[in-house]
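> The residues making up each chain are set out below.
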Amino acid sequence: MKIGVLLKQVPDSEARIKVKADGSGIETGDIKYVINPFDEYGVEEALKLKKAKGGEVVIFSFGPKKADEAIRGALAMGADRAVRVDGTGLEGSDNYAVARVLAAAVKAEGMDIVFAGKQAIDDDSAQVPQLVAEFLDWPEVGPVETFEMVDDTTIKVERAIGGGSKEVIQSALPAVVAAEKGLNSPRYASLPGIMKAKRKKIDVKTPDALGIPAAEMGAGAALVKVTKWSPPPVRAAGKVLKGELSETIPQLVKLLHEEAKVI
Amino acid sequence: MGRPTERRGDRPTIVADQGGDVAFDGVDFMAFDSLLSEEERLTRDTVRQFVEDEVLPIIADHFQKGKFPAHLLPQMAELGLFGANLKGYGAAGVNNVAYGLMMQELERGDSGIRSFASVQGGLVMYPIHTFGSEAQKRRYLPELVSARLVGCYGLTEADAGSDPGSMRTHAVADGTSYILNGSKMWITNGSIADVAIVWAKLDGIVHGFIVERDTRGFETREIDNKFSLRASVTSELFFDDCRIPKENLLPHTAGLKSALMCLTQARYGIAWGAIGAAMGCYEEARSYAGERIQFGQPIAGFQLTQQKLALMLTEITKAQFMTLQLGRLKDAGKARHFHVSMAKRNNVYWALEIARMARELLGASGIVDEYHAMRHALNLESVKTYEGTHEVHTLILGEHITGIAAYGGRQ
Numbered sequence: 001m002k003i004g005v006l007l008k009q010v011p012d013s014e015a016r017i018k019v020k021a022d023g024s025g026i027e028t029g030d031i032k033y034v035i036n037p038f039d040e041y042g043v044e045e046a047l048k049l050k051k052a053k054g055g056e057v058v059i060f061s062f063g064p065k066k067a068d069e070a071i072r073g074a075l076a077m078g079a080d081r082a083v084r085v086d087g088t089g090l091e092g093s094d095n096y097a098v099a100r101v102l103a104a105a106v107k108a109e110g111m112d113i114v115f116a117g118k119q120a121i122d123d124d125s126a127q128v129p130q131l132v133a134e135f136l137d138w139p140e141v142g143p144v145e146t147f148e149m150v151d152d153t154t155i156k157v158e159r160a161i162g163g164g165s166k167e168v169i170q171s172a173l174p175a176v177v178a179a180e181k182g183l184n185s186p187r188y189a190s191l192p193g194i195m196k197a198k199r200k201k202i203d204v205k206t207p208d209a210l211g212i213p214a215a216e217m218g219a220g221a222a223l224v225k226v227t228k229w230s231p232p233p234v235r236a237a238g239k240v241l242k243g244e245l246s247e248t249i250p251q252l253v254k255l256l257h258e259e260a261k262v263i
Numbered sequence: 264m265g266r267p268t269e270r271r272g273d274r275p276t277i278v279a280d281q282g283g284d285v286a287f288d289g290v291d292f293m294a295f296d297s298l299l300s301e302e303e304r305l306t307r308d309t310v311r312q313f314v315e316d317e318v319l320p321i322i323a324d325h326f327q328k329g330k331f332p333a334h335l336l337p338q339m340a341e342l343g344l345f346g347a348n349l350k351g352y353g354a355a356g357v358n359n360v361a362y363g364l365m366m367q368e369l370e371r372g373d374s375g376i377r378s379f380a381s382v383q384g385g386l387v388m389y390p391i392h393t394f395g396s397e398a399q400k401r402r403y404l405p406e407l408v409s410a411r412l413v414g415c416y417g418l419t420e421a422d423a424g425s426d427p428g429s430m431r432t433h434a435v436a437d438g439t440s441y442i443l444n445g446s447k448m449w450i451t452n453g454s455i456a457d458v459a460i461v462w463a464k465l466d467g468i469v470h471g472f473i474v475e476r477d478t479r480g481f482e483t484r485e486i487d488n489k490f491s492l493r494a495s496v497t498s499e500l501f502f503d504d505c506r507i508p509k510e511n512l513l514p515h516t517a518g519l520k521s522a523l524m525c526l527t528q529a530r531y532g533i534a535w536g537a538i539g540a541a542m543g544c545y546e547e548a549r550s551y552a553g554e555r556i557q558f559g560q561p562i563a564g565f566q567l568t569q570q571k572l573a574l575m576l577t578e579i580t581k582a583q584f585m586t587l588q589l590g591r592l593k594d595a596g597k598a599r600h601f602h603v604s605m606a607k608r609n610n611v612y613w614a615l616e617i618a619r620m621a622r623e624l625l626g627a628s629g630i631v632d633e634y635h636a637m638r639h640a641l642n643l644e645s646v647k648t649y650e651g652t653h654e655v656h657t658l659i660l661g662e663h664i665t666g667i668a669a670y671g672g673r674q
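First to last, the sequence lines map onto chains C and G.
When the letters of the first sequence are read in order and numbered with the numbering used here, they come out as residues 1 to 263.
When the letters of the second sequence are read in order and numbered with the numbering used here, they come out as residues 264 to 674.
Note that these hints are calculated values from the structure, not bench results.
Some hints here could point you the wrong way.
[Unchecked claim] As a list, the in silico SDA-like pairs of lysine to any residue whose alpha-carbon atoms are at most 25 Å apart:
1) G:K509 / G:I667
2) C:K20 / G:F292
3) C:K242 / G:Q560
4) C:K18 / G:G564
5) C:K50 / G:Q338
6) C:K201 / G:F292
7) C:K18 / G:M293
8) C:K48 / G:Q312
9) C:K48 / G:Q338
10) C:K239 / G:E554
11) C:K196 / G:G353
12) C:K200 / G:E554
13) C:K201 / G:S300
The shape of chain G in the complex, shown without the other chains (with noise of 0.2 Å):
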């Protein structure tokens, strides 16, 4: 939407093409904007104005300092940006593809962000909404909606990554309570949250636990040496002898299948958000290098700059098709996790490799935070990790293609 900031309110320009440089207005390369109702385009576009005007201005100097812009949180709850996709509770109800466009514009700002969102609604709003009772969702949808809770999701352990069923945090039933032993690791939000979706094995069967920030025996540390989402807490979860009521239990949960769907919710967002990434890193790539002479001309003339811009284009416009259609198939209940896990495989990979190729035609000015396409690649490399590595999700496609489930190499 045209929100008139200084620039636009003080002498609206409608300027002649003249290959000038204009704000961020996405990639449409084929009419994709034709495939949306005006939901779905109203949807993006607030969000779109959202980033332009709060999340890239302030994003390089968090991401420098190590800092989560928790400041943003009131606003983006007030947007309805949590769990977005789900119904009641407060929750806005948008269907999956404004969900993913929203996702789409955040990523565009930072991963950091998106994860945020997609750790607060995907992975703790989504279980609770799911597999908790009724008694649960009133006390938990409605503040985790408002951000007045933050959440977290305790699935990975430092020696169970992509091999989750080999977790060892477990819990044990003494009386009315549960006593969880173990710990976590690389946790979004860790030492923020407020509550904490827990993974353990409690007689041999993985369940998920509600588990709140004050309980005694729970620690959080976080882990401040990264590389990469620097304006996002990781964290590690400590529960030593932790004793949570028995009604925290997500009494609908059933084995690690529960645990893998909340990631099918999470990485389905992952999928658009890889293509804000990319456009935003496309969009900067494509500006500068209209702008930069050598040799006498902009550096956009020569045909190895045409070729990688090209390659991108295509990559960019390719992906939005394929996870448009990805979001139908979500609305119409027919979307399996095989389809998001191409999504996130293909969408992932392309954006990390478009956040490379921008900053090499950035040059030298690329590796400064002046320009955001290093940033997004220092980013993408976890995003290519988290939620299912790329290789994994090429082993779930493996396995949809033969029947031959080739995870565990020597089993």
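Next comes chain C alone, as it looks inside the complex (with noise of 0.2 Å):
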């Protein structure tokens, strides 16, 4: 089977992420940078099923060079060889653009099957794997908890659907599946593992190779624009109220109406 991986570069999320004071984006400088934690799913899912079957894995990921270190995660944890669509100079590409040069690769690969994370845990857009299964006109099932192969060409996987009920469905391949927390447990990369990844191949292709011009990408042609970013608000500090309790309670149910507005 050639089973696929559709796999971002994402912050950690451990990474204590700043604004920029003009609200453009955020501070790329410091952030020690991670595989999006659901893609992981994705991976170990897709290392399964090559163990069981037989075949390959391939990773697919839009980004720069920089994303090359999270896609040799992957090939750490056993991937056989990865598509990097090169994002140098298109940052700002939506989940449109990024979704439709994926699509291209993966039809470019000619894959079986797609894995793919549920969402990436920056931008938290849960799109992509939806938006690729669209361009390649295959069906699309996901956040899944559960997954086998019904026979060769036919899928079974469980998904919640609020209130504790699963949904079951059954999907002909190929098919996009994208992970939910818990499918599987990520395996750890393994020293030899990380040793054979240094050899790995990472197919570097520009998204004109793949017959979307460059034009077409980037924050100029993006459908979705972000308009601005900003921090949380900063916690304010707590009021301490002091005194007997005949005068504070009075007080408390006060503010408690007109300041916190929930009584």
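With the hints as a guide, bring the two chains together.
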């Protein structure tokens, strides 16, 4: 089987993010980057499927050269090779544009199934898996909590639909499968795996080479534009009321009513 | 790596910089990371994540109960942590800087876990790899890489510590065998070892021998009354007319120097490991100081606290760069034993000082096992003594500087 995984490099969820003073983005200087955690479930499921069915696992990513580090991490986990669509100079591409080039890259490699994280933890858009499926004219299922092969061309997955209920879906392949937390426990990259990954190939392709003009990518061409970034408001210090209870209780009630507006 | 733990995956958060507490992300004051290769960073991050997920949640309990967490061994083997800087025979073959960073992360967990890796790799696999016959390498190394066999290293004796040349354990040739007699003391992994590398005098010259667990006349006894390295096994080994086949002699050992070469390997890993313990203590102290309110303000705002934190960060940063250079020299084949002595001596000394300072900064909370600093401090007392005491490393440096050996005062 030819098994693809969509992977995005994102700031570590533990990173302290600072918004630039002019609100045009975030300070990227000192941030540590990692594989999007939800994508790690995708990589793990792909590796399990390869073990069961044979074939190869190919990582697909859109990003600048720096993204190779995250890609190399997935190769160290055991993926066979990768295709990176070069995003150098195309910062600000929206989900539509990113999905378009990823779909073109997947199509060029001829995959049987593609895994992805249900969303990236940086912008939390949760759109790319669906859009990629749309551009490929494939079905998309997600966020999935279980995955199994019914036969060589049919998959069965479960997704939560609220209130503890599960929806069980069967789908024909090829399909895009978006992973939810708990689908599996992603393996650690082993030291021999890290050594092997050094020799695995990351093919770098330009959007143009995939038939998508660079002019239709980037911030300028975005259909959805991010107009401003702002940090969460700094929490104000709490207020302590001092004095006799007979005085402070009415004060508290008043503050809850007038300032906090909760009663 | 950002492995999705319960906390991370559930509600991915990107927090504004409000000085909130974040998970351990190393200590990097002067862009140390920029000097590392992708392979080196990946190695460190994967071991860091393993320690975060598997070691830290259980280590205090194991330390308190005096129990080695043997259940971690299959996973550590699968990660390729044993003998990781050796080539071939199933070993990972990473460079010495990646190997060092692995040791740093393991000791951020616990010195006992790092000690296991040091012994298995630097003191058991390394001598077989360096001084062993091809048959010995094929037989033992793949089994040790996978931890299907556990090894120990018997050099020190009750009356021969810093002066290993005075050892009494000896071997006598007898037909197709050697007969070993003597005992070894303070042996990490001794009671759980399947195979021991034992140093003994044969015709007055020190040689290395491979002794398997079930050899008649080989017994072990665990030393279980320790205040230190409690999550690690320390034992005595006894050889009583222990008959081993002649092919178990490590053929390329040449006197005590061979035994000391093994120690240089292990000391290199310890130099890195100490940085990990120090980082863990520093981060714990820094985080606590920011949250602990006394006299109406975080104790981080007091000059005496800042003085401690500044000293800790300075010493960690100095140790990082010295030890990285040592690793680069080692990869280039240019690291000498006295370079390793300087790093082991300095880093362990400061790690212990930092652990003590961190414990002090934690106040009374620092004496309970909810915090790691005191466990590190207790462990580091051993680390300061084993693999060449602080004093012996001082004398190695003194000999290098002056050309005069000062080990045997009255000789």
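> The structure should be examined with respect to each hint, and the outcome stated for every one.
Going through the hints against the structure:
Pair hint K509 (chain G) plus I667 (chain G) does not hold up; C-alpha atoms about 39 Å apart against a cutoff of 25 Å. Taking the CA atoms of K20 (chain C) and F292 (chain G), the gap is about 22 Å. The hint holds against a cut of 25 Å. With a CA separation close to 19 Å, the supplied pair K242 (chain C) and Q560 (chain G) stays within the 25 Å bound. A C-alpha spacing of about 23 Å is found between K18 (chain C) and G564 (chain G), which places the hinted pair at or below 25 Å, so the restraint holds.
Proximity of K50 (chain C) to Q338 (chain G) is assessed by CA-CA distance (about 22 Å); at most 25 Å being required, the pair is judged to hold. With a C-alpha separation of about 34 Å, the suggested pairing of K201 (chain C) with F292 (chain G) is violated against the 25 Å cut-off. For the given pair, K18 (chain C) sits about 20 Å from M293 (chain G) by alpha-carbon distance, which is consistent with the 25 Å threshold. In summary, the hint linking K48 (chain C) to Q312 (chain G) is supported, as the alpha carbons are separated by about 21 Å, within the 25 Å threshold.
At most 25 Å may separate the alpha-carbon atoms for a hinted pair to count; K48 (chain C) and Q338 (chain G) meet this at roughly 18 Å. For the proposed pair K239 (chain C) and E554 (chain G), the alpha carbon gap of about 19 Å is at most 25 Å, so the pair holds. A C-alpha spacing of about 13 Å is found between K196 (chain C) and G353 (chain G), which places the hinted pair at or below 25 Å, so the restraint holds. With a C-alpha separation of about 46 Å, the suggested pair K200 (chain C) and E554 (chain G) falls outside the 25 Å cut-off, and the hint is violated.
Between K201 (chain C) and S300 (chain G) the CA atoms are separated by roughly 17 Å; this keeps the pair inside 25 Å, and the hint holds.
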